[in-house]
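Go ahead and model the full structure; you've got the sequences and the hints to work with.
Protein chains: 2
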Amino acid sequence: MRNLYVGLLHFPVYNKNQQIITSAVTNFDIHDISRASKTFGVENYFIITPNKGQHRVVGQVISHWQEGFGSTYNTDRKTALDSTFLIDSLDDVITLIKEKDKKEPLVIATSANKDDKYHHLTISSLKETLKTDGEPILLVFGTGYGMVLEQLPQIKYMLEPIYGPTDYNHLSVRSAVSIYLYSLKG
Amino acid sequence: MRNLYVGLLHFPVYNKNQQIITSAVTNFDIHDISRASKTFGVENYFIITPNKGQHRVVGQVISHWQEGFGSTYNTDRKTALDSTFLIDSLDDVITLIKEKDKKEPLVIATSANKDDKYHHLTISSLKETLKTDGEPILLVFGTGYGMVLEQLPQIKYMLEPIYGPTDYNHLSVRSAVSIYLYSLKG
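Protein chains in written order, with this note's numbering: chain Z, 20 to 205; chain C, 20 to 205.
Some clues are possibly wrong.
Identical copies go unnamed one by one, so any copy, or any two together, can satisfy a pair.
Derived pair list, reagent style DSS-like, types lysine-lysine, alpha-carbon separation capped at 27 Å [what the hints assert, rightly or not]:
1. K97 to K133
2. K35 to K97
3. K204 to K146
4. K146 to K122
5. K133 to K175
6. K204 to K150
7. K204 to K133
8. K175 to K121
The hints are simulated quantities; they were obtained by calculation from the structure and are not laboratory data.
What follows is the structure in structure tokens.
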């Protein structure tokens, strides 16, 4: 069985006007995705941002629940966050996983829309792959208005989008992570 | 095909100390669940709270995106919220659906744990039921530390919990709604 990792990328992403920005980490991205990752057996959840101010703020939130008052107030929350890490870049995530698992991870991005430049894996094929032995899998989710893929050559594959029965297709990243993890590991 | 509705109940629910309270509506509960409901073809999403102060605050958020600056700034958000309603009680939700669909809805609660006092439907059986004709289905999600079921005789069935491969089972309500809707309508 392969190890599964989740990364939430805050740079480089687009804003509404197709400018390249560093998006802000939201509190619910920390908690909801940590809880879903823990529930579905993800090894580590990486919050990826180069912004040092964000590291300080998000670090305070995590340590509140890990070591501060929150750690005794709500132990389930403490458990949820014990595998969550703040990290500067996608390259740093890859280096860390490589050190831990002795194998370079396969980096797979998710997207609400298909991009013909990539090979799109189906959810069911990735679910089967996860049951086999081999390189660890790193699922990367974008924030803002999507990842700047041209600047992310580490990403080799895409995972098929999530569709409902409607034309509306604007799930929050928290919903998307939850649905993908459930579909892959539930 | 049956109509599907979602309700997010803020009273009566338990707090951490098993006291019966009215929980606060969070901003992410408004947006994430509206977006997931719209994506998966839910007729209406009802935010259920008797607290008038909450109606005022949440009403302002919704109208910002429906009619205010937000409605032109982000039209996807406007669409997401056009089927979201604030309402006082579960009885009011049932009355409203009955008026609209001319049939009393089947009220089904979700829970992270099985409760032997209820018949638990599997996700796959409810998915099939939704494809048949018949009463509309109202899925009710609790907030805080769970619904006070003894005070909610309107709830006739429970939906099976969501399980991952771990013992940890503390998804956010936003994750749980997203996973259930995807499993039922995705």
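Results for each hint:
1. K97 to K133: between (37 Å within a copy, 24 Å between copies)
2. K35 to K97: between (34 Å within a copy, 15 Å between copies)
3. K204 to K146: Both. Shortest intra-copy (7 Å) and inter-copy (20 Å) distances satisfy the 27 Å Cα cut-off.
4. K146 to K122: The answer is within: 19 Å in one copy meets 27 Å, while 40 Å across copies does not.
5. K133 to K175: Answer is within: at 14 Å inside a copy they meet the 27 Å cutoff, but 41 Å across does not.
6. K204 to K150: both (10 Å within a copy, 26 Å between copies)
7. K204 to K133: Answer is both: 23 Å inside a copy and 20 Å across each meet the 27 Å cutoff.
8. K175 to K121: within (19 Å within a copy, 52 Å between copies)
When each numbered hint is compared with the structure, no violation occurs for any of them.
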